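Colleague: Protein chains in written order, with the UniProt record's numbering: chain D, 1 to 354; chain R, 1 to 354; chain B, 1 to 354.
Simulated from the structure, these hints should not be mistaken for laboratory data.
Among the clues, some could well be false.
What the hints assert, rightly or not - Over the 12 Å line for every Cβ pair with chain D, so calculated as not near, a few chain R residues:
| hint | residue |
| --- | --- |
| 1 | Lys21 |
| 2 | Val106 |
| 3 | Lys142 |
| 4 | Pro143 |
| 5 | Gly171 |
| 6 | Lys182 |
| 7 | Ile197 |
| 8 | Pro217 |
| 9 | Glu293 |
| 10 | His297 |
| 11 | Gln302 |
| 12 | Pro305 |
| 13 | Tyr311 |
| 14 | Ile338 |
| 15 | Gln346 |
| 16 | Asn348 |
To be verified - Pulled a few chain R residues facing chain B out of the computed Cβ check, cut under 7 Å:
| hint | residue |
| --- | --- |
| 17 | Ile179 |
| 18 | Asp327 |
| 19 | Ile328 |
Predicted model, so just to flag it, every value in this text is computed and none were measured.
Yeah, the Cβ is synthetic: ideal placement off N, Cα and C, and Gly gets one too.
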Amino acid sequence: MTKFKWLNDAWYVAMYSDALKAGDIVPRVMLNQGIALYRKADGVVVALEDRCPHRNAPLSLGKVCGDDRIACAYHGLEFDETGKCVFNPHGEGRIPAAARVRAYPVEEKYGMIWVWMGDLGNIAPTPVIDFLEPGTGYVHSKPNVIKMNTPWELIIDNLVDLSHVSFLHDGVLGSRDMIGAKNELVQTGNTIVVSRIMPNVSPPEYADLLYHGDQKPVDKWHTVTWMPPTIILLDIGLTDRGAERSQGTGVYAAHLITPETEESSYYHFLAVRWNLVQRSPEEHERIEKRLAEARVHAFANQDDPMMRAQYEVMKRYGGELKPVMLDIDVGVARWRRIIEKLATAQQNDAAAMA
Amino acid sequence: MTKFKWLNDAWYVAMYSDALKAGDIVPRVMLNQGIALYRKADGVVVALEDRCPHRNAPLSLGKVCGDDRIACAYHGLEFDETGKCVFNPHGEGRIPAAARVRAYPVEEKYGMIWVWMGDLGNIAPTPVIDFLEPGTGYVHSKPNVIKMNTPWELIIDNLVDLSHVSFLHDGVLGSRDMIGAKNELVQTGNTIVVSRIMPNVSPPEYADLLYHGDQKPVDKWHTVTWMPPTIILLDIGLTDRGAERSQGTGVYAAHLITPETEESSYYHFLAVRWNLVQRSPEEHERIEKRLAEARVHAFANQDDPMMRAQYEVMKRYGGELKPVMLDIDVGVARWRRIIEKLATAQQNDAAAMA
Amino acid sequence: MTKFKWLNDAWYVAMYSDALKAGDIVPRVMLNQGIALYRKADGVVVALEDRCPHRNAPLSLGKVCGDDRIACAYHGLEFDETGKCVFNPHGEGRIPAAARVRAYPVEEKYGMIWVWMGDLGNIAPTPVIDFLEPGTGYVHSKPNVIKMNTPWELIIDNLVDLSHVSFLHDGVLGSRDMIGAKNELVQTGNTIVVSRIMPNVSPPEYADLLYHGDQKPVDKWHTVTWMPPTIILLDIGLTDRGAERSQGTGVYAAHLITPETEESSYYHFLAVRWNLVQRSPEEHERIEKRLAEARVHAFANQDDPMMRAQYEVMKRYGGELKPVMLDIDVGVARWRRIIEKLATAQQNDAAAMA
Numbered sequence: 001m002t003k004f005k006w007l008n009d010a011w012y013v014a015m016y017s018d019a020l021k022a023g024d025i026v027p028r029v030m031l032n033q034g035i036a037l038y039r040k041a042d043g044v045v046v047a048l049e050d051r052c053p054h055r056n057a058p059l060s061l062g063k064v065c066g067d068d069r070i071a072c073a074y075h076g077l078e079f080d081e082t083g084k085c086v087f088n089p090h091g092e093g094r095i096p097a098a099a100r101v102r103a104y105p106v107e108e109k110y111g112m113i114w115v116w117m118g119d120l121g122n123i124a125p126t127p128v129i130d131f132l133e134p135g136t137g138y139v140h141s142k143p144n145v146i147k148m149n150t151p152w153e154l155i156i157d158n159l160v161d162l163s164h165v166s167f168l169h170d171g172v173l174g175s176r177d178m179i180g181a182k183n184e185l186v187q188t189g190n191t192i193v194v195s196r197i198m199p200n201v202s203p204p205e206y207a208d209l210l211y212h213g214d215q216k217p218v219d220k221w222h223t224v225t226w227m228p229p230t231i232i233l234l235d236i237g238l239t240d241r242g243a244e245r246s247q248g249t250g251v252y253a254a255h256l257i258t259p260e261t262e263e264s265s266y267y268h269f270l271a272v273r274w275n276l277v278q279r280s281p282e283e284h285e286r287i288e289k290r291l292a293e294a295r296v297h298a299f300a301n302q303d304d305p306m307m308r309a310q311y312e313v314m315k316r317y318g319g320e321l322k323p324v325m326l327d328i329d330v331g332v333a334r335w336r337r338i339i340e341k342l343a344t345a346q347q348n349d350a351a352a353m354a
Numbered sequence: 001m002t003k004f005k006w007l008n009d010a011w012y013v014a015m016y017s018d019a020l021k022a023g024d025i026v027p028r029v030m031l032n033q034g035i036a037l038y039r040k041a042d043g044v045v046v047a048l049e050d051r052c053p054h055r056n057a058p059l060s061l062g063k064v065c066g067d068d069r070i071a072c073a074y075h076g077l078e079f080d081e082t083g084k085c086v087f088n089p090h091g092e093g094r095i096p097a098a099a100r101v102r103a104y105p106v107e108e109k110y111g112m113i114w115v116w117m118g119d120l121g122n123i124a125p126t127p128v129i130d131f132l133e134p135g136t137g138y139v140h141s142k143p144n145v146i147k148m149n150t151p152w153e154l155i156i157d158n159l160v161d162l163s164h165v166s167f168l169h170d171g172v173l174g175s176r177d178m179i180g181a182k183n184e185l186v187q188t189g190n191t192i193v194v195s196r197i198m199p200n201v202s203p204p205e206y207a208d209l210l211y212h213g214d215q216k217p218v219d220k221w222h223t224v225t226w227m228p229p230t231i232i233l234l235d236i237g238l239t240d241r242g243a244e245r246s247q248g249t250g251v252y253a254a255h256l257i258t259p260e261t262e263e264s265s266y267y268h269f270l271a272v273r274w275n276l277v278q279r280s281p282e283e284h285e286r287i288e289k290r291l292a293e294a295r296v297h298a299f300a301n302q303d304d305p306m307m308r309a310q311y312e313v314m315k316r317y318g319g320e321l322k323p324v325m326l327d328i329d330v331g332v333a334r335w336r337r338i339i340e341k342l343a344t345a346q347q348n349d350a351a352a353m354a
Numbered sequence: 001m002t003k004f005k006w007l008n009d010a011w012y013v014a015m016y017s018d019a020l021k022a023g024d025i026v027p028r029v030m031l032n033q034g035i036a037l038y039r040k041a042d043g044v045v046v047a048l049e050d051r052c053p054h055r056n057a058p059l060s061l062g063k064v065c066g067d068d069r070i071a072c073a074y075h076g077l078e079f080d081e082t083g084k085c086v087f088n089p090h091g092e093g094r095i096p097a098a099a100r101v102r103a104y105p106v107e108e109k110y111g112m113i114w115v116w117m118g119d120l121g122n123i124a125p126t127p128v129i130d131f132l133e134p135g136t137g138y139v140h141s142k143p144n145v146i147k148m149n150t151p152w153e154l155i156i157d158n159l160v161d162l163s164h165v166s167f168l169h170d171g172v173l174g175s176r177d178m179i180g181a182k183n184e185l186v187q188t189g190n191t192i193v194v195s196r197i198m199p200n201v202s203p204p205e206y207a208d209l210l211y212h213g214d215q216k217p218v219d220k221w222h223t224v225t226w227m228p229p230t231i232i233l234l235d236i237g238l239t240d241r242g243a244e245r246s247q248g249t250g251v252y253a254a255h256l257i258t259p260e261t262e263e264s265s266y267y268h269f270l271a272v273r274w275n276l277v278q279r280s281p282e283e284h285e286r287i288e289k290r291l292a293e294a295r296v297h298a299f300a301n302q303d304d305p306m307m308r309a310q311y312e313v314m315k316r317y318g319g320e321l322k323p324v325m326l327d328i329d330v331g332v333a334r335w336r337r338i339i340e341k342l343a344t345a346q347q348n349d350a351a352a353m354a
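Please build the complete structure, drawing on both the sequences and the hints.
Modeller: Have a look at this one:
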């Protein structure tokens with residue numbers, strides 16, 4: 001259905017660290033590839049192709065056994081962390097050279113398990129997300145993950161262009177005052193930053209809860225950073241009219257999208273707050289609860305149905321229709337141009353190597 | 001799966017008038033096209049392509065706003081009744097010329113909303129159904145609509161050849177006596193009329209309820225009119241043996257089929273009765289209730305499962321198998337020949353204009 | 001999805017005899033063909049193509065009527081046991097020569113209804129399964145049938161290579177001691193026999209229940225016979241260490257697979273026991289119950305999910321991946337080679353006849 005493919009040469013979030021317990025093998029489909037994740041005795045995560053080369057049984061149905069191996073549940077072949085079959089319990093125990101599966105590079109960072117889906121020769125450092133670095137002292141939200149039956153690129157579109165909050169999330173994350181914001185786009189390398197500056201606007205519920213809770217007008221800003229291929233960082237803040245940003249308060253949020261298939265995606269969401277308004281513990285807890293509710297409501301009850309509906313329309317008309325571009329689409333147009341360029345370059349690389 | 005396509009150049013029933021309340025936007029898929037229907041302040045119905053040209057959001061998720069416009073729920077673009085985007089709330093408010101959607105001609109008639117699905121240049125008058133015209137004084141049944149997971153042409157086949165009532169609806173709508181009827185076909189232009197005359201037959205339950213309720217033999221007739229592409233009018237009546245038809249009683253019924261996709265259809269059904277037998281109000285109500293039950297039973301529990309089963313067989317064998325034609329298929333063969341001719345002519349038109 | 005097709009020229013089990021009552025018409029899809037089965041007045045089974053040639057209605061929705069015919073539920077055409085339309089109730093009753101459906105040869109044997117799916121010119125005798133022949137005196141298990149959403153060839157793979165019982169069915173049907181068995185393969189014509197001899201092994205629960213119930217080591221054997229295309233016969237037995245086989249006990253089991261579609265199969269299972277250990281009636285019943293539970297658990301909760309998971313992996317990667325072959329795959333490799341040869345020969349025949 002989609003016009004352009006995802007990037008293989010990238011780190012994608014497989015799951016949060018605490019979703020992978022010692023002794024378990026957890027399956028994930030990422031970019032249409034089945035992956036079995038497990039922890040070695042020392043806690044280090046291994047990600048293997050989830051397919052026994054003997055007879056296509058998923059290795060994730062097997063179990064972790066000695067020497068950091070996993071054993072296939074069907075006929076007991078054992079594989080080490082490099083994906084090599086190192087034990088055949090049957091007959092003379094002969095192991096064909098082809099009995100190996102792909103091992104994916106893994107890094108654990110920011111409480112998440114990241115998997116490199118591309119060529120080993122092209123491996124890059126894992127992404128850096130400043131506000132998630134240790135020692136910042138920020139207050140973290142509870143991490144969320146939502147499975148969405150939506151192509152990943154519609155989710156990126158949604159996040160890169162926040163003009164929709166005044167409509168789809170009116171009253172919760174956006175307000176009519178905020179429509180007037182001017183989009184500004186800055187590109188640095190392949191990263192883009194889209195800013196919306198909104199002076200003297202009535203705060204929607206979410207922003208008001210973060211701040212004074214009195215519904216008085218504020219100066220507000222939304223800054224969206226997109227890093228290829230699927231990392232979105234939001235800087236959502238507000239301050240008193242005319243005051244410095246640093247005197248206000250806000251949220252830094254990471255929205256990390258992992259394509260599962262062409263039609264479905266994992267949406268990982270993790271936020272931190274800065275410059276928290278001092279409140280009684282009870283008041284704080286009440287507000288945190290409401291903020292979490294509002295976020296889940298916006299994503300699950302407003303964004304997700306809208307994106308599924310878009311996708312249904314696209315499918316009815318046989319693919320991605322040529323969209324009419326507005327001024328607000330400056331970020332959408334740009335990220336799509338960058339990803340297309342990168343995808344084409346990767347295909348060229350692949351062609352050159354073949 | 002199907003051998004021939006539907007006709008675009010035709011009026012199709014989208015829904016009954018009372019299914020579209022002021023202030024609502026109701027979606028319908030017709031001939032694989034998504035359509036958003038709403039009423040203007042003066043009550044007139046508008047039918048727009050259900051797809052915002054900006055980013056493929058269904059307009060039916062939006063809302064009716066001032067000046068008879070509808071606003072997209074995603075980014076607030078507003079469209080007027082001609083399908084033109086007339087308001088972009090963002091930035092300088094620039095509106096690209098391409099920001100328009102198709103507006104479909106609509107007419108409201110006989111308590112139904114009709115949509116012209118074809119070229120504007122070929123537009124024709126809406127169909128005339130005599131017995132639904134105002135001022136006839138007929139007693140109307142409650143209108144029904146059934147969604148069927150069946151290609152529309154199997155439904156037309158079903159209705160054009162009523163010989164099946166003695167088998168599939170034996171006892172309810174048909175009886176064994178009625179098998180002997182002779183089919184007669186008359187074609188006038190592209191309209192066909194198939195008659196079945198059944199003198200001196202035992203009445204099935206439905207006919208008996210309409211008339212004397214004594215199960216005594218009657219003279220009975222079924223007259224089916226098919227008007228391209230999907231209008232079926234039935235004239236089902238009975239009278240005393242040897243008496244004039246006008247001394248008997250009967251039902252005129254409109255079966256109006258709207259293809260949703262190649263595999264699914266809306267089936268609208270509306271009937272009137274003439275020359276009602278005088279009965280006490282209680283008796284009348286009892287009989288009306290049983291007639292409605294019998295109809296729903298026949299369509300939903302007998303016709304629908306049969307047509308789905310036919311379709312499953314057709315799919316298993318990879319399409320529409322060449323059927324063996326019997327004498328009773330005179331109407332089936334004829335309507336299919338006419339529709340094929342009309343569809344070919346429309347494609348020729350389209351080719352000539354391209 | 002699958003690399004090779006099933007064989008048409010073969011007998012397949014449609015169902016157990018007692019699943020087809022007099023007066024009923026029961027549908028089955030076999031090798032993607034819809035078949036309607038019914039009994040004549042004398043009890044003999046008829047198998048007709050489940051598709052009325054008039055308008056594709058399934059004949060299995062109809063009913064058995066006089067003279068061993070079945071009548072279509074839609075328009076009442078009647079077909080005799082040869083598949084010929086012998087009655088058209090309408091008009092002059094003319095019957096087009098093309099109004100006939102395929103009649104499949106049927107035999108009832110071993111309490112099962114077998115259908116020949118191939119060319120009539122190639123018809124062969126029904127398979128002989130010694131231990132199901134009348135007069136053997138064996139004690140029969142309750143016959144089972146499971147519908148599996150798995151291609152038939154994965155089920156044959158599963159059964160031809162019983163090395164998996166020590167892993168997938170560990171503790172129930174297999175034990176770790178049994179891994180060491182040596183596979184031996186003997187081919188006679190197109191039939192293969194794969195034996196696994198396991199002297200001095202701890203018996204898994206199922207074998208222990210058949211025998212002494214004391215978990216003491218035994219000599220055990222598994223002998224698998226595959227007869228093309230989908231018949232698997234198992235000889236599972238155990239005896240005291242060093243004793244003759246005939247002094248022990250065991251089970252002969254027939255696993256009869258019928259492809260429904262390329263993606264789904266019927267799995268018929270029927271076993272007999274020989275040389276039963278004498279026990280009190282209560283004890284015998286307790287053990288029989290547990291054996292049946294263990295079998296159903298192994299097939300439905302262990303084999304079926306594994307094979308579905310294999311198939312999901314195969315689909316994700318776009319077909320049957322070239323498997324890595326181990327020593328235990330001697331049977332798998334051989335039956336696949338034989339079936340491919342037979343399928344090619346059948347296609348050659350078809351080509352020569354065309």
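Colleague: Evaluate each hint against the coordinates.
Modeller: Do the hints match the structure? See the list:
no.: 1; hint: Lys21; result: holds (21 Å)
no.: 2; hint: Val106; result: holds (21 Å)
no.: 3; hint: Lys142; result: holds (32 Å)
no.: 4; hint: Pro143; result: holds (28 Å)
no.: 5; hint: Gly171; result: holds (42 Å)
no.: 6; hint: Lys182; result: holds (45 Å)
no.: 7; hint: Ile197; result: holds (46 Å)
no.: 8; hint: Pro217; result: holds (53 Å)
no.: 9; hint: Glu293; result: holds (36 Å)
no.: 10; hint: His297; result: holds (34 Å)
no.: 11; hint: Gln302; result: holds (32 Å)
no.: 12; hint: Pro305; result: holds (27 Å)
no.: 13; hint: Tyr311; result: holds (21 Å)
no.: 14; hint: Ile338; result: holds (29 Å)
no.: 15; hint: Gln346; result: holds (21 Å)
no.: 16; hint: Asn348; result: holds (24 Å)
no.: 17; hint: Ile179; result: holds (5 Å)
no.: 18; hint: Asp327; result: holds (4 Å)
no.: 19; hint: Ile328; result: holds (5 Å)
Comparing the model with each earlier hint shows no violations; every hint is respected.
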